[in-house]
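K.L.:
In order, the protein sequence lines correspond to chains A and B.
When the letters of the first sequence are read in order and numbered with our numbering, they come out as residues 24 to 257.
When the letters of the second sequence are read in order and numbered with our numbering, they come out as residues 22 to 124.
Hints listed in this document are in silico derivations from the structure and should not be mistaken for laboratory results.
Hints may contain errors.
On the chain A side, residues computed to face chain B include the following (Cβ under 8 angstroms) [what the hints assert, rightly or not]:
#	residue
1	Ile-99
2	Val-114
3	Ala-163
4	Trp-185
5	Pro-192
6	Phe-195
Derived CB-CB ranges, DEER-like [to be verified]:
#	chain 1	residue 1	chain 2	residue 2	range
7	B	Arg-55	A	Glu-144	18 to 24 angstroms
8	B	Gly-124	A	Leu-243	45 to 51 angstroms
9	A	Lys-209	B	Ala-103	18 to 24 angstroms
10	B	Arg-100	A	Leu-240	28 to 34 angstroms
11	B	Leu-93	A	Thr-184	15 to 21 angstroms
12	A	Trp-125	B	Ala-103	36 to 42 angstroms
13	B	Gly-38	A	Glu-144	23 to 29 angstroms
Virtual Cβ for every residue (Gly too), placed ideally from N, Cα, C.
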Amino acid sequence: MSEPAREERSHRDGVRAVAPLAIAVVGFGISYGVLARAAGMGVLAPIVMSMTTFAGSAQFAAASILDVGGTVAAAITAAVLLNARYGPIGVTVAPWLTGSAWSRFLHAQLTVDESWAIAAEGDGRYNPRVLLGAGVTLYAAWVVGTVLGVAFGDVIGDPSTWGLDAAFPALFLALLVPQLRGRRAKEAAVLGAGIALVLTPFTPAGVPIIAAAGACLLGLLDRPTPRADGGSAT
Amino acid sequence: MSDTWTVVVGVGVATIGIKALGPMLLGGRPLPERVTGVVALLSPALLAALVAVNTLGGDQELVLDARVPGVLAAAVAIRLKAPVLIVVVVAAVVTAGIRAVTG
Chain A
24 MSEPAREERS
34 HRDGVRAVAP
44 LAIAVVGFGI
54 SYGVLARAAG
64 MGVLAPIVMS
74 MTTFAGSAQF
84 AAASILDVGG
94 TVAAAITAAV
104 LLNARYGPIG
114 VTVAPWLTGS
124 AWSRFLHAQL
134 TVDESWAIAA
144 EGDGRYNPRV
154 LLGAGVTLYA
164 AWVVGTVLGV
174 AFGDVIGDPS
184 TWGLDAAFPA
194 LFLALLVPQL
204 RGRRAKEAAV
214 LGAGIALVLT
224 PFTPAGVPII
234 AAAGACLLGL
244 LDRPTPRADG
254 GSAT
Chain B
22 MSDTWTVVVG
32 VGVATIGIKA
42 LGPMLLGGRP
52 LPERVTGVVA
62 LLSPALLAAL
72 VAVNTLGGDQ
82 ELVLDARVPG
92 VLAAAVAIRL
102 KAPVLIVVVV
112 AAVVTAGIRA
122 VTG
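So that you can see chain B by itself, here it is in the shape it has in the complex (with noise of 0.2 angstroms):
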């Protein structure tokens, strides 16, 4: 088998692993009570940490670009209330302006 095939079974029967452990483990019980209460703090925390990396991640580093801005333009849309339409799209607006203004 080549690398590329390799790699492609390799990480996506991983993928398809990893996936399926919660759902097939646990899946349709409600969790022990004890449980709960961290669980409901798994959404925020990874959440915001998707917001963050997404943001401000580089390549093993944090990056200040026109990605700030935007997701800064973003925070205020959603303050003023607007449908996550309209918040995704000021997002890529005011970052696509950015770029296209600074090259």
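For reference, chain A alone in the conformation it holds in the complex (with noise of 0.2 angstroms):
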């Protein structure tokens, strides 16, 4: 697991990682524009949306929300409470990015949870050419599947009769197993479950991910690892 000669992993592993998931991300991005018509967004909004906000369960709520005659206020307060994870998701990938200012707002915006999932190296390390890459492949495909669905309709039905929503939870829990070496990674891992759990049936959907990153504030109970005394001047 922690081989000391580990190759670096490079744009094309991150392209390779994602690809399985990428299918399931047409699939979904199909039925964004199904239901974002039905909702009558029209054509070129949900198609501007992807390529603007490219968050899935956002740009979901918000359609709903248009599509049951709920008001605009409510329909940027649900999406922007599902997208308020990436508040601390970048900030978990932020000291990786060594880029000009244009390419580190490159690499925040094709940070989603899988792009960040699939670059993440363990111990808070982040893999900025697999987060592009896997990033990259992933706005792709749900840009053209925004674009089929609202060109051709329902062609694929509803992706859960494909089993693709079970599709995502898999591929967390596959790339949040490497990461619990540790007791304490082990403990901010049961808490921010179970704090998400506990909140869902009583908050607005988004509100439980982003109250489970408080879990990481259990990381305070350890303190800094001790250097060396002696006042060297490091």
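Combine both chains into one complex, guided by the hints.
P.N.:
If you want it as structure tokens, here you go:
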């Protein structure tokens, strides 16, 4: 698991790792396009939204609220709550994004749950090349899926018929397990999942996951690794 | 501007801003030592929450449906050290199979 001479992963590794998920993302993009059209969003708006917002759950929430005649404020609030998790997620990748401001902005926009999870290298490290490769692949899949859904309608039916909704938690689990080295990481995972499940029935969607981020405060229980004493000026 | 376009622009601007915040403000610098341990735990905490909510979450309720055996099968595949591709396919196939049988 921690072989010392580990090869550096490249952009291509990110593309390869995320490819199976990209198929599922096309499927959900199609169903988003279908739902958005049915909600009266027209042809162009759903495609522009996929190109700019690029966050599936928030876009589904906004479209379904418009569909049932909800207010603009309700649709925006729901979407923003669902995307609030990208605040802490952005903090986790920030130290590893060493390029120019434009490069960091681009990486930030391509950071979604799946590209973020795949780019993790354990111990809080992230690989920006894998993040970019996986992010571009998912972006293309999401936008192409949306266009197909808007243009051709219900060609695949409900993606859950194909079990695609189970593919996402399976991926997250596969990427979580290698991160569970050490007692604190296990505790944070159990506490995070627990917070999310307890809050799910009582809070709007999105809140459980952002609240689960609070489990990271367990890290405050540990003192920073003590340095060699003697006041060496490092 | 129509309601639809107000939502598209509002959600788009907010999401782009939220995603950009960390990398633009903190990018490329190591975090202060005190914070590193906390941020390192964000990954397992958020990933575990995503697993939980995507497996058991419904519309403001917890539901036990065909996703659960799918994710359990994925857990077995992970235990057997299957590659991620196989893990994902196993989850989808088991969930789809159960839905096909139970209608």
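K.L.:
Hint by hint, say whether it matches the structure.
P.N.:
So, going through the hints one by one against the coordinates:
Given the 8 angstroms rule on beta carbons, the hint for Ile-99/A holds: about 4 angstroms separates it from the nearest Cβ of chain B. Because the beta carbon of Val-114/A sits about 4 angstroms from the nearest beta carbon in chain B, less than 8 angstroms, this interface hint is met. Given the 8 angstroms rule on beta carbons, the hint for Ala-163/A is violated: about 18 angstroms separates it from the nearest Cβ of chain B. Interface restraint check: Trp-185/A against chain B, minimum CB-CB distance 5 angstroms, threshold 8 angstroms, status holds.
Interface restraint check for Pro-192/A: the shortest CB-CB distance to chain B comes to about 4 angstroms, inside 8 angstroms, so the restraint holds. The closest approach between the C-beta of Phe-195/A and any C-beta of chain B is roughly 5 angstroms, which is under the 8 angstroms cut-off, so the hint is satisfied. A beta carbon spacing of about 22 angstroms between Arg-55/B and Glu-144/A agrees with the range 18 to 24 angstroms that was offered as a hint. Distance hint for Gly-124/B and Leu-243/A: a CB-CB separation of about 50 angstroms, consistent with the stated range 45 to 51 angstroms.
For the pair Lys-209/A and Ala-103/B, the supplied restraint of 18 to 24 angstroms holds, since their beta-carbon distance comes to about 22 angstroms. The given range of 28 to 34 angstroms is respected by Arg-100/B and Leu-240/A, whose C-beta atoms sit roughly 30 angstroms from each other. About 20 angstroms separates the C-beta atoms of Leu-93/B and Thr-184/A, a value consistent with the hinted range of 15 to 21 angstroms. A hinted range of 36 to 42 angstroms for the beta carbons of Trp-125/A and Ala-103/B is consistent with their spacing of about 39 angstroms.
In this structure, Gly-38/B and Glu-144/A meet the distance hint of 23 to 29 angstroms, their C-beta atoms being roughly 27 angstroms apart.
Hint compliance for this structure: hint 3 is the single one not met.
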